[in-house]
Amino acid sequence: MRRKDVLDLDDFTADELREVLETTAAMKEVLARPIRRVPPLRGKTIVNCFYEASTRTRVSFELAAKNLSADVVNITASGSSVEKGETLVDTTRTLQALGADMVVMRHGASGAPYLVARELEASVINAGDGWHAHPTQALLDLFTVQSRLGSVEGRRIAIIGDILHSRVARSATWGFATLGANVVLCAPPTLLPIGFADAVHTGLRAKGIATACPVTVTHDLGEALRDADVIMALRVQRERMDTGLLPSLREYAREWGITRERIAQARFGAIVMHPGPMNEGVEISPEVAYGPQSVIEAQVTNGVAVRMAIMYLLAGGRAGPAV
Amino acid sequence: MSNPNNAIRLAGAHGRFLGSLVIRGGRVIDPAQGIDAITDIAIRDGFVEAVGVGADAPPGAQVIDARGLIVTPGFVDLHTHLREPGFEYRETIATGTAAAAAGGFTTVCAMPNTEPAIDTTAVVDFIHDTARRQGSVRVYVIGAITRGRKGKALADLVELANAGVVAYSDDGDCVTDSALMRNALAYSRTTGRPVVQHAEDRALTTGAQMHEGSVSARLGLPGWPRAAEEVIVARDCELAALTGAHLHVAHVSSAGTLDFIRRARSRGVHVTAEVTPHHLTLTDALVGGHWWSATASLPAYDTRTKVNPPLRETPDSLAMAAGLRDGVIDCIATDHAPHGITDKHCEYQAAASGISNLETALGSVLAVVHAGGLTLVEAIAALTIRPARVFGLAAGSLLPGMAGDVTILDPDREWCVDPAQFRSKGRNTPLAGHLLRGQVIQTIVGGEVICDRSA
Numbered sequence: 232m233r234r235k236d237v238l239d240l241d242d243f244t245a246d247e248l249r250e251v252l253e254t255t256a257a258m259k260e261v262l263a264r265p266i267r268r269v270p271p272l273r274g275k276t277i278v279n280c281f282y283e284a285s286t287r288t289r290v291s292f293e294l295a296a297k298n299l300s301a302d303v304v305n306i307t308a309s310g311s312s313v314e315k316g317e318t319l320v321d322t323t324r325t326l327q328a329l330g331a332d333m334v335v336m337r338h339g340a341s342g343a344p345y346l347v348a349r350e351l352e353a354s355v356i357n358a359g360d361g362w363h364a365h366p367t368q369a370l371l372d373l374f375t376v377q378s379r380l381g382s383v384e385g386r387r388i389a390i391i392g393d394i395l396h397s398r399v400a401r402s403a404t405w406g407f408a409t410l411g412a413n414v415v416l417c418a419p420p421t422l423l424p425i426g427f428a429d430a431v432h433t434g435l436r437a438k439g440i441a442t443a444c445p446v447t448v449t450h451d452l453g454e455a456l457r458d459a460d461v462i463m464a465l466r467v468q469r470e471r472m473d474t475g476l477l478p479s480l481r482e483y484a485r486e487w488g489i490t491r492e493r494i495a496q497a498r499f500g501a502i503v504m505h506p507g508p509m510n511e512g513v514e515i516s517p518e519v520a521y522g523p524q525s526v527i528e529a530q531v532t533n534g535v536a537v538r539m540a541i542m543y544l545l546a547g548g549r550a551g552p553a554v
Numbered sequence: 071m072s073n074p075n076n077a078i079r080l081a082g083a084h085g086r087f088l089g090s091l092v093i094r095g096g097r098v099i100d101p102a103q104g105i106d107a108i109t110d111i112a113i114r115d116g117f118v119e120a121v122g123v124g125a126d127a128p129p130g131a132q133v134i135d136a137r138g139l140i141v142t143p144g145f146v147d148l149h150t151h152l153r154e155p156g157f158e159y160r161e162t163i164a165t166g167t168a169a170a171a172a173g174g175f176t177t178v179c180a181m182p183n184t185e186p187a188i189d190t191t192a193v194v195d196f197i198h199d200t201a202r203r204q205g206s207v208r209v210y211v212i213g214a215i216t217r218g219r220k221g222k223a224l225a226d227l228v229e230l231a232n233a234g235v236v237a238y239s240d241d242g243d244c245v246t247d248s249a250l251m252r253n254a255l256a257y258s259r260t261t262g263r264p265v266v267q268h269a270e271d272r273a274l275t276t277g278a279q280m281h282e283g284s285v286s287a288r289l290g291l292p293g294w295p296r297a298a299e300e301v302i303v304a305r306d307c308e309l310a311a312l313t314g315a316h317l318h319v320a321h322v323s324s325a326g327t328l329d330f331i332r333r334a335r336s337r338g339v340h341v342t343a344e345v346t347p348h349h350l351t352l353t354d355a356l357v358g359g360h361w362w363s364a365t366a367s368l369p370a371y372d373t374r375t376k377v378n379p380p381l382r383e384t385p386d387s388l389a390m391a392a393g394l395r396d397g398v399i400d401c402i403a404t405d406h407a408p409h410g411i412t413d414k415h416c417e418y419q420a421a422a423s424g425i426s427n428l429e430t431a432l433g434s435v436l437a438v439v440h441a442g443g444l445t446l447v448e449a450i451a452a453l454t455i456r457p458a459r460v461f462g463l464a465a466g467s468l469l470p471g472m473a474g475d476v477t478i479l480d481p482d483r484e485w486c487v488d489p490a491q492f493r494s495k496g497r498n499t500p501l502a503g504h505l506l507r508g509q510v511i512q513t514i515v516g517g518e519v520i521c522d523r524s525a
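Chains as they are written, first to last, in this note's numbering: chain F, 232 to 554; chain S, 71 to 525.
Rather than coming from a laboratory, the hints here were simulated on the basis of the structure.
Where a beta carbon is used, it is the ideal one built from N, C-alpha and C, also for glycine.
Check each hint, because a few of them may be wrong.
To be verified - Not the full set, but computed from the structure, chain S residues with beta-carbon under 10 Å of chain F: (1) Glu-282; (2) Ser-284; (3) Pro-292; (4) Ala-392; (5) Asp-396.
To be verified - Footprint (simulated), chain F over chain S, 3 or more residues, beta carbon under 8 Å: (6) 103 to 115; (7) 369 to 380.
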């Protein structure tokens with residue numbers, strides 16, 4: 232993988248995506264060993280720079296880095312000089328001066344990692360920037376679908392939830408569409424980004440991928456779920472109610488909540504995904520979340536493997552079945 | 071119609087600009103007089119004495135050879151942020167007017183979002199005094215509509231007019247309270263000064279960073295819908311109709327806004343409008359950067375693209391040029407908004423909005439001319455007599471007796487935009503590194519050469 236940073240999947244070619252998935256499979260094999268440790272990043276320092284709270288993603292990156300024998304440093308916004316008003320640019324310069332080899336960044340402002348990546352010689356991995364992108368989440372989603380269903384191409388992926396504010400939805404759309412899947416985005420009209428489908432079509436054409444409408448948008452859950460192979464539920468935040476975008480979470484749960492009755496409308500054997508953390512009873516019912524079609528726990532496990540793959544490839548490792 | 075006596079008093083009061091010179095052999099374009107011919111201009115003691123081939127040189131006059139060049143009235147900018155008092159790290163009256171001169175502007179109108187805001191005689195006097203001592207060009211002052219620009223209570227609009235303000239604006243902020251806007255328009259009739267509205271329904275632009283469209287959807291940035299500008303313009307046109315006042319719409323960005331202005335005008339409402347050079351030429355694709363367009367010159371999320379109102383889509387920028395051509399937009403105004411490095415060297419949502427563009431305005435406008443969107447004469451009119459007429463300023467024309475403010479330009483000279491060379495403290499322009507065609511060669515204020523690139 233000839234790139235310095237992983238900021239979003241919009242500029243990944245299909246080949247690059249396949250390279251990551253192949254390497255992830257190898258890393259998953261490493262995770263199955265009694266000693267889950269390989270040496271490619273020995274002596275390297277990875278800094279987790281999280282301006283937004285996170286448990287699963289940060290721990291996932293930390294475990295991934297340690298499994299590759301790297302040293303890991305965690306910086307969170309609270310308790311750091313960010314509270315004293317240190318700017319993002321200054322923090323970046325400090326990291327450079329301290330000799331970080333790779334920076335994993337999560338920030339509340341869309342585009343923040345782009346600024347950091349321009350200023351740093353070190354590789355930057357975007358762990359989530361505002362509403363914009365969460366590339367490693369999308370990659371683990373791709374890997375999960377591929378392992379469970381055998382392929383991504385031609386599949387129908389229904390993403391349901393607050394699409395407007397979702398970096399997971401955006402990155403997943405780029406990833407799945409690039410590998411030839413059809414993506415349906417479903418949300419109440421107030422939570423759908425105007426023009427995103429157009430943006431994806433323009434982007435795919437720029438990448439030389441000519442597809443007939445891979446991305447469609449609807450606010451009808453039944454229509455979205457019909458013939459879906461994958462149902463991805465996204466978290467709906469309470470504050471969407473407070474800002475007038477949703478009348479109530481109760482109404483959302485009734486109209487767009489993923490329940491057992493609803494998933495019966497999808498293709499037989501469809502899998503249910505969720506990036507976590509879940510609002511059980513709102514966007515997804517507990518019986519679906521913990522039911523036989525759910526692959527949510529597998530997503531978490533795959534997350535560590537995907538992040539190992541990304542770090543390994545950025546550090547110059549070559550893709551392949553054996554590590 | 072504003073009080074012409076105030077305007078003339080100020081032009082003469084800038085006691086430094088009292089030179090004599092004669093400009094020979096240039097193509098003089100003065101849309102105010104319908105002149106487009108190779109001819110000479112004589113300026114004596116700061117005022118135009120004669121326009122005509124072989125005009126006598128006043129005693130002691132400098133002779134300027136303008137053969138092969140275009141000679142126009144000095145440009146008039148109705149919308150400049152000089153930042154002083156209060157934000158001198160971004161710009162001062164000295165540096166801002168130097169930038170104006172470098173861009174061919176001989177008259178600028180200073181917006182009141184200073185600290186303190188321009189809502190008292192004291193601040194108006196400060197700006198006039200500072201401009202008189204340190205300014206490179208003529209400075210008029212725009213007073214705030216509301217006290218402190220807080221949008222709650224009217225400022226003393228008559229006092230401000232007596233101090234010399236040429237218009238009122240809370241620019242940077244919108245007067246969103248409809249009753250207050252009605253009262254401001256009604257009360258402004260006492261002085262006849264226009265009320266300049268920054269049209270933005272704040273409720274619709276909460277957290278907005280750029281135009282709401284497919285680029286913002288992809289970049290995950292909250293968007294500023296066209297409707298947020300249009301609903302305010304529609305409302306204000308009705309209020310202007312109700313009160314009979316002069317409404318001036320600042321920095322129009324949306325094609326839909328023009329429909330409301332057109333309709334109001336057809337009903338006899340006194341509404342005028344301006345457009346910036348960037349809204350004529352740039353679009354939201356610029357924010358998407360390299361990835362969005364193979365020919366884009368900026369990376370994604372470059373904060374130099376962040377401006378209020380935001381850069382919109384190609385149909386909007388084309389509509390702006392068409393609007394200038396058919397007159398629904400009266401003139402060009404730069405909205406020169408210089409910022410310091412720290413204001414923009416950060417993540418997009420933390421960055422200040424604004425483009426430093428006095429020095430690139432002509433180049434941008436000529437790009438529209440070169441592309442066939444405007445004729446050269448239309449462009450010059452939009453930079454000279456048309457803005458002057460909107461605010462009732464004695465400027466923008468070379469009629470004998472007017473101030474000897476002249477811009478000499480080469481419409482074909484190519485130059486590369488290098489912000490490090492700007493006279494402005496503001497280096498914030500998305501045009502950095504761009505090649506522009508058309509440059510100011512000399513800027514003359516009251517018969518004195520203030521900016522000279524003829525060497």
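Original post:
Any of the earlier hints contradicted here, and which numbers?
Top reply: Structure breaks hints 4, 5 and 6.
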